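J.: Sequences and hints are given; from them, build the entire structure.
These protein sequences, in sequence, are chains A and B.
Under the numbering used here, think of the first position of the first sequence as 1, with each following residue one higher.
Under the numbering used here, think of the first position of the second sequence as 1, with each following residue one higher.
Hint data in this document are derived by calculation from the structure and do not stem from the laboratory.
Since this is a predicted model, take the numbers as computed values, not measurements.
A few of these clues could be false.
Said to hold, decoys possible - Sample of chain B residues facing chain A (criterion: CB under 8 Å; computed from the structure): (1) Arg55; (2) Pro63; (3) Leu65; (4) Gly70.
Unchecked claim - Covered stretches of chain B (chain A as the covering partner; in silico rule of three or more C-beta atoms under 8 Å from a C-beta of chain A): (5) 40-51; (6) 150-162.
For glycine and all other residues, C-beta sits at the position ideal for the given N, C-alpha and C.
Single-letter residue listing:
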Amino acid sequence: MIGGFMGVGTPDRLIDALVEAGTGDLTVIANDTAMPGKGIGKLISAKAVAHLITSHIGLNPETQAQMNAGTLKVDLVPQGTLVECIRAAGVGLGAVVTPTGIGTLVEEGKQVLDIDGVRYLVERPISADFALIAARQADYVGNLEYALTAQNFNPIMALAAETVIAEPDHIVPVGMIPPDAVRTPAALVDYLIERAR
Amino acid sequence: MDPKDLIARRVAQEIEPGTLVNLGIGLPSLVAGYVPADMGVYFQSENGVIGLGARPPEGMEDPDLTDAGGGFVTAVPGAAAIDSAMSFGLIRGGHIDLTVLGALQVDSAGLLANWMIPGKLVPGMGGAMDLATGAKRVLVAMQHHTRGQSKIVETCDLPLTSAKPVDMIVTELAVFTLRDTGLHLHELQDGVTLDEVRAKTEAAFTS
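T.: In structure tokens:
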């Protein structure tokens with residue numbers, strides 16, 4: 001899974017490294033695929049992705065072309081459901097029970113629960129082998145702080161992968177980030193790589 | 001006046017002072033320009049900001065402060081930056097007073113289709129399903145037809161966005177509301193006749 005919203009809050013150095021290494025056949029879980037040449041769009045253009053789980057591909061014609069050509073499998077998930085299913089995986093919950101998607105194509109093949117007269121869809125947790133996330137700052141032990149709209153999926157994805165690799169703008173000494181500004185505690189973070197300047 | 005601006009200006013009249021409002025990308029985003037700054041309205045953008053401001057002047061852009069379309073924005077005093085779980089918690093949880101969405105089709109029962117044309121265009125639903133299902137009030141802002149075809153249809157043949165009907169539809173010709181009996185003509189835009197709206201609307205409606 002890769003953080004970011006239209007390329008904002010996406011770990012660009014990690015993506016560049018994946019493209020350079022010629023990594024392929026990836027399953028990518030991300031809010032969107034940005035645009036060609038930007039953020040996750042670079043992985044799409046490099047044909048590195050075989051399966052994409054996402055909420056929106058409308059601004060990346062390359063993603064749509066690969067999907068239509070049958071070379072990229074795309075599962076579309078409502079954005080709120082996507083983030084909550086990732087959170088569920090990360091916090092040990094067995095499902096997300098949501099009204100979103102009821103009465104639409106999203107409902108197909110899924111369990112529906114009636115709770116106090118309201119119909120809800122049962123959505124499964126979503127986890128990954130790796131979470132590649134961006135942050136504003138990390139300290140040497142791996143506590144993370146985020147910037148404005150570059151937060152998006154990043155703090156949630158940090159909960160839901162076997163290995164979490166964070167790409168902060170800066171790595172600062174322990175103590176520089178006040179405890180109450182830490183959004184992702186270091187215990188969740190396995191590796192740090194500073195963003196390229 | 002451009003039809004899109006006419007629609008945006010009319011939608012803006014539906015916004016109450018002191019409310020939290022989400023505007024979709026495209027036409028709906030124009031609505032903010034018609035809401036006076038002193039109304040105490042906060043605009044939420046689902047990528048994680050409450051208190052969306054105008055575009056920054058050139059050279060003053062913050063790469064970490066954008067709207068849901070990825071464009072640079074500013075944050076007004078009193079703004080808050082949040083993650084996607086909080087953002088959609090607010091949306092699904094009924095904390096958004098009003099959302100304004102674009103549409104491909106809306107039907108006589110008020111059901112909305114705005115996320116795919118099978119085999120042709122598949123942008124994905126993004127946040128639209130959560131917004132249409134969770135916002136307290138859902139307005140559709142759209143042009144009345146596309147390539148001569150009415151976008152207000154008897155029954156949507158495109159995939160639906162939500163099982164919950166919208167509350168109001170604003171086009172350059174008319175404003176419709178949803179009643180128990182179905183679609184109702186609420187008002188005509190200036191210079192538009194009832195006959196013209198009937199001729200250009202596929203769906204049946206009361207007036």
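J.: None of the hints should be skipped; say for each whether it holds.
T.: Cross-check of the supplied hints:
| no. | hint | result |
| --- | --- | --- |
| 1 | Arg55 | violated (14 Å) |
| 2 | Pro63 | holds (7 Å) |
| 3 | Leu65 | holds (5 Å) |
| 4 | Gly70 | holds (3 Å) |
| 5 | 40-51 | holds (count 5) |
| 6 | 150-162 | holds (count 4) |
Checked against the numbered hints listed earlier, the structure breaks hint 1 alone; every other hint is satisfied.
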